[in-house]
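Chemist: Sequence:
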Amino acid sequence: MRFTSFLLNAALAAAAALPSIDIDIAKRQAPGAPTKLLVGVPNSVLLVDFDGISFNIVANATEAGTNPSWLAFREPNLLYAVDEFNAVTKLFVLGRDSNTLQPVQNAAGSAGVVHLEFNLDKTRLVGTSFGAGTIDIWDITDGTLRLLKQIASDDPLGPNANRQEAPHPHQSVLDPSGRFFVVNDLGTDTLLVIDSQNDQFEVVNRVRVAPDGCGPRHGAFFPRGAQAATHYILLCELLNIVEVFQVTYVENSIQFVPTQVLSSFGQDLPPANATTSTAGEIIVSSDNRDVYVSNRNTGNQTDTITHFRVNVPTVEGGPISLDFSESISSGGTVPRMFSLSGDENLLFSTNQNDGFGLIALARNGNNLAVQGAGDVAASADFNAAVEAAGTLVSSPVAALGVDAFGGPNAGPQFAMQI
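Heads up: the sequence shown is residues -17 to -1, 1 to 401, going by mature numbering (1 follows the signal peptide of the UniProt record, and there is no 0).
Errors might be hidden in some of the hints.
Restraint-style ranges between C-beta atoms, simulated for each label pair [unchecked claim]:
hint	residue 1	residue 2	range
1	Gly161	Gly301	20 to 28 Å
2	Lys132	Thr18	19 to 27 Å
3	Leu103	Thr258	40 to 48 Å
4	Gly300	Gly390	18 to 26 Å
5	Glu370	Pro139	43 to 51 Å
6	Gly301	Gln133	38 to 46 Å
7	Asn328	Val87	27 to 35 Å
8	Glu58	Asn328	15 to 23 Å
9	Val87	Pro17	19 to 27 Å
10	Thr18	Pro139	39 to 47 Å
11	Leu130	Asn294	39 to 47 Å
12	Glu299	Asp270	17 to 25 Å
13	Gln210	Pro139	28 to 36 Å
With a straight-line Cα cutoff of 35 Å, these simulated DSBU-like cross-link-like pairs (lysine-lysine) come out [to be verified]:
hint	residue 1	residue 2
14	Lys19	Lys105
15	Lys19	Lys132
16	Lys132	Lys105
No lab work stands behind these hints: they were computed from the structure. Every value quoted in this text rests on a predicted model; they were computed, and no experiment measured them. Note that the Cβ used here is the ideal one computed from N, Cα and C, for glycine as well.
Let's have the full structure, built from the sequences with the hints guiding it.
Modeler: What follows is the structure, encoded as structure tokens:
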């Protein structure tokens, strides 16, 4: 159980200090053909080229007074964006070859939407409104946004008077069957199960999450790639905990049974200020072996990303469990969101407040081959690789300081490769 410290003193430096990092990386690896990342920062949606060793902002759709803190991309060229500061959801047309972001539509909906989730065929879009306490259901069959329905989240509030003064739906998660959305409500300590069958979008179950005041934020169904889920892994912002639920499909709903609760910090490096720390993001790797979470506002020099390994049950039908693996620096503070690259060899993280606003971290041991017969040394090397699988390399593959995005407290809130 260890904490891997950030190896570069430049982690908190301005963008001017970054060339030395790029030079060091270039010695090990030549740039490749660039891929595209979508990045959301206060006032702007950005299109960023990534060539394997560096980031380059190539398009910028800016509108003062907006906050596109979550984005959703539909192939080949439609980009949907929340505006956390206003009561609209936005549509852009993205030009990959021309490096353009053309605004097309501002659709009136709930104020303060912070997350967007597609249905399976991407004809419906679910927006969760932290600000208004509602869930917006959009028809996007032809690409444009048409509001179908708004659902109020109205369960009893949690006990935290400062943070749970109202319902705060934070995220909707589509289950693997494609029928149900689960909405995590930070303000009510509740999971809302929404049945989308036949476009009804009705709340069919309300799951109270313990302990009181935990503040459900983001979650992920498990396993990925299955026809149905067996578990739901939930990150609670206010108490900085990860909760594992075993799930069962019953008639027109999903039932949740809690099986494990553990700290989002793992077994070491507690926050310097426990009263301010807030968990941020959670994702599960597609091989279902690894879970990653971010910890924000820790009071430490930099915030962290924590890696857990998934233990598969030895008894058929038993619950999975998570084991802490390691924590590493996020390269700055307030890593609100992160995502894996398409091949899952990299993790792209944001930092809102300082340090590296956008950072790429290598992920060890992805796509490990099955070990064949070989000598002892080869077997030892393979075993070491297995032990390291899923861990993150603390030295960044590429990084851009927050000054490239507007300075302190104006760094990215969303980053995703397309």
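Chemist: Against each hint, give a clear statement of whether it holds in the structure.
Modeler: Verification of the supplied hints:
Remark: the range hint 20 to 28 Å for Gly161 to Gly301 is upheld by a beta-carbon distance near 26 Å. One distance hint, 19 to 27 Å for the beta-carbon pair Lys132 and Thr18, is violated here, with the actual separation near 36 Å. For the pair Leu103 and Thr258, the supplied restraint of 40 to 48 Å holds, since their beta-carbon distance comes to about 41 Å. For the pair Gly300 and Gly390, the supplied restraint of 18 to 26 Å is violated, since their beta-carbon distance comes to about 52 Å.
The given range of 43 to 51 Å is respected by Glu370 and Pro139, whose C-beta atoms sit roughly 46 Å from each other. A C-beta distance of roughly 40 Å is found between Gly301 and Gln133, which places it inside the suggested range of 38 to 46 Å. For the pair Asn328 and Val87, the beta carbons lie near 33 Å from each other, so the given range of 27 to 35 Å is met. Range check, Glu58 to Asn328: about 22 Å between beta-carbon atoms, so the 15 to 23 Å window is met.
Between Val87 and Pro17 the beta carbons are some 25 Å apart, a value that agrees with the proposed interval 19 to 27 Å. Taken as a hint, the range 39 to 47 Å holds for the pair Thr18 and Pro139, whose Cβ atoms sit roughly 46 Å apart. Between Leu130 and Asn294 the Cβ separation comes to about 43 Å, which falls inside the hinted range of 39 to 47 Å. At about 20 Å, the beta-carbon gap between Glu299 and Asp270 stays in the expected band of 17 to 25 Å.
Distance hint check for Gln210 and Pro139: the Cβ-Cβ separation is about 34 Å, which falls inside the suggested range of 28 to 36 Å. Between the alpha carbons of Lys19 and Lys105 the distance comes to roughly 21 Å, so the proposed pair stays at or under 35 Å and holds. Restraint check for Lys19 and Lys132: satisfied, since their Cα atoms lie roughly 33 Å apart, inside the 35 Å limit. Distance hint between Lys132 and Lys105 is fulfilled; the C-alpha atoms sit about 17 Å from each other, no more than 35 Å.
Going through the hint list in order, the structure does not satisfy hints 2, 4.
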